[in-house]
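Protein chains in written order, with our numbering: chain A, 27 to 253; chain B, 57 to 465.
Some clues are possibly wrong.
[Claimed, not checked] Counterexamples of contact, computed for chain B against chain A with all Cβ distances above 12 Å:
1) S71
2) R75
3) V218
4) D268
5) R376
6) S427
[To be verified] Cross-link-like lysine-lysine pairs, in silico, DSS-like; alpha carbons within 25 Å at most:
7) K248(A) - K463(B)
8) K63(B) - K113(A)
9) K158(A) - K463(B)
10) K170(A) - K452(B)
11) K63(B) - K155(A)
12) K113(A) - K463(B)
13) K73(B) - K42(A)
14) K150(A) - K63(B)
15) K63(B) - K151(A)
16) K63(B) - K73(B)
17) K73(B) - K113(A)
18) K155(A) - K118(A)
Worth flagging that the hints you see were computed from the coordinates, not collected in a lab. Predicted, not measured: the structure shown is a model, and the values here were computed from it. Every residue gets a Cβ at the ideal spot worked out from N, C-alpha and C, and that includes glycine.
Here are the chains, one letter per residue:
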Amino acid sequence: MTEKTENLVINLRSIKKRYDDEAGVLNALRGIDLTVKKGDFLAIMGPSGSGKSTLMNIIGLLDRPSRGNYFLDGIDTSKLGDNQLSKLRRDKIGFIFQTFNLLPRLNILQNVELPMVYRGISLKKRKLKATKILKSLGLEDKIKSRTNRLSGGQIQRAAIARSLVNDPSLILADEPSGNLDSKTSDEVMKILVRLNKTGTTIVMVTHSSEIAAYASRSVRVKDGKIS
Amino acid sequence: MLIQNLKTAFSSILSAKLRSFLTMLGIIIGVAAVLLMLAVGEGVKFQVSGQISNLGSNVLTVTSGQVLNSSGNNQRSASFNPSSSLGASTLTEKDLESIKKINDINLVSPIMLVSSLITGGSNVSSTTNIIATTSSYGIIRNLKFANGSFFTEEDNLSGSNVAVIGSTAKKNLFGDKNPIDQEILIRNQPFKIIGLLEESETGTNLGPSFDDAIYIPLNSAVNLTQTKQIFRIIVQVSSANNIDQAKSQIESTLKTNHGGQKDFSVLTQKDLISAFSSILDTLTSFIVAIASISLIVGGIGIMNIMLVSVSERTREIGIRKTVGATFSNILEQFLIEAMVISLIGGFFGLILSVIGGLIIKKVVNITPVYSLRAILIAFSLSVIIGIIFGVAPAIKAARKRPIQALKAL
Ligand SMILES: Nc1ncnc2c1ncn2[C@@H]1O[C@H](COP(=O)(O)OP(=O)(O)OP(=O)(O)O)[C@@H](O)[C@H]1O
Ligand SMILES: [Mg+2]
């Protein structure tokens, strides 16, 4: 049992999330238990509104659960302050979004460097590493371009590059191919598979069972519970 | 991190040039106003000090009234009360004679002012000062002549109607014509011009000018006005080293003459400069304080735009926080942006104030002096304004929670 928890990147214990605002009360997550081992590639599926993104935001430390405990790499995150969460995200998690979320005013290289900027890595090292990763994703000639000059697939590859620069223990992808055509989403999925093969832990949300097939295992969320 | 934030600040300022400029405008105007006022104050001080320095460091001026309150050593803080030297003078012929008897005193010369229009050539001047004095005056003041010379003591004793004319007065009355041997009318009495002064180096139109003046013998003035009023006495001491000693001797002598009352002042060149400096400093700081209000208004402008900018950039903040920015990372980013805006504003303000200075020089003939101190004050003020009015927007930005910020449109 102890040996088992040591290898867990994600360990969720009866996570609940309740939205309580003027519009009313909504229990988006009603007790989620989920573990992800180092090297896993997990797909989270489920109908719209079932709570997949809510779960991903909690795993990504972008939001806090209303109840329950979340251990990331064995660290109890419920005791941490906002700044410590920022640093954990910076050092341990890479994010890939359906809407890409790159900064339009920065070029691709600057976007990819950004997580390293906040880690305090020197300009020279940043440039070296970002360029290397962008090259490995076939974006070497787009380094100076801004996002508005790139195709969706290229932008998503840049976002993948950004998610990798700080050597995270975990990559979170919320519908990474949701805005891409089937050919480019295949490309993106192949990149993720390749990354997983080299040992990166990945959690991905998707609607599509075709996409989920790239993962090594999958779970279903329904009405805020894993079914 | 700092360099990164500076880059971010510049790119964000450049991405909305017009808006950035409008944001800066308040700071530009504020800094220009503050700097220009400081520079004009400094310029006036410089000119007046220059004029006073021309008197020479071994010259004492005795004037009626207590011009400088506080006899302490701290001359900078001495309060200056020039109006006490106006009105009926307390200086007398006896004072003049007593001063002459004091050791180490070379020359003594009384001054009486005569009011009158002056007619000369085909012009009339009402601005020209008429200074009635003795022949020593020319030596004490070390007057330089473009033509002719100062009147002699014989001219004075005999009360002859001769006059020496300053360069500005000559220009006003005679234009380019040679005034020597020409006649001018003072209170309808003809005076013959026997000397023309060189233009003094620190020519200015502030206060009574030595250039816009006509000098006549004291006795001629007494005949003309039927009164004798000693307005001032100027004294030349044997050397600048004896000046303080001479000053206290004159003070004690005159105090005895005046029945123990110190209703007069003995001023060295240093006293005069510090007195003028102190009133000018007071005036300048008053005007600068008013000008500073525009800086505060400028600061509020920055705050306003920064708040809008923070709202518009919520998503950017969300993305930055997602990839690991902490509270202080974001705070620093927006604070630096506010400071860069106000510093650039300060820089343009400096340029604007130099342009304003050129105009002022043209229009009122004061050369503004931009001291390093004033420039540093202006720049630190803009940085401080940037910080003060940038803090609220920056905190607002830094407090944003990543998940809400990411969802913003
Ligand atoms: N900030 C919020 N405030 C209130 N309710 C919310 C908030 N975010 C999500 N919800 C609600 O929580 C539920 C789960 O939302 P979530 O975004 O996790 O669904 P999802 O499974 O990701 O759906 P989709 O597949 O459409 O992306 C939904 O009913 C949604 O309306
Ligand atoms: Mg979703």
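Going down the list of hints, with the structure as the test:
no. : hint              : in the structure
1   : S71               : violated, 6 Å
2   : R75               : holds, 14 Å
3   : V218              : holds, 81 Å
4   : D268              : holds, 63 Å
5   : R376              : violated, 7 Å
6   : S427              : holds, 39 Å
7   : K248(A) - K463(B) : holds, 23 Å
8   : K63(B) - K113(A)  : holds, 23 Å
9   : K158(A) - K463(B) : violated, 31 Å
10  : K170(A) - K452(B) : violated, 32 Å
11  : K63(B) - K155(A)  : holds, 20 Å
12  : K113(A) - K463(B) : holds, 21 Å
13  : K73(B) - K42(A)   : violated, 47 Å
14  : K150(A) - K63(B)  : holds, 16 Å
15  : K63(B) - K151(A)  : holds, 18 Å
16  : K63(B) - K73(B)   : holds, 15 Å
17  : K73(B) - K113(A)  : violated, 34 Å
18  : K155(A) - K118(A) : holds, 17 Å
Of the hints listed earlier, those the structure fails to meet are numbers 1, 5, 9, 10, 13, 17, in rising order.
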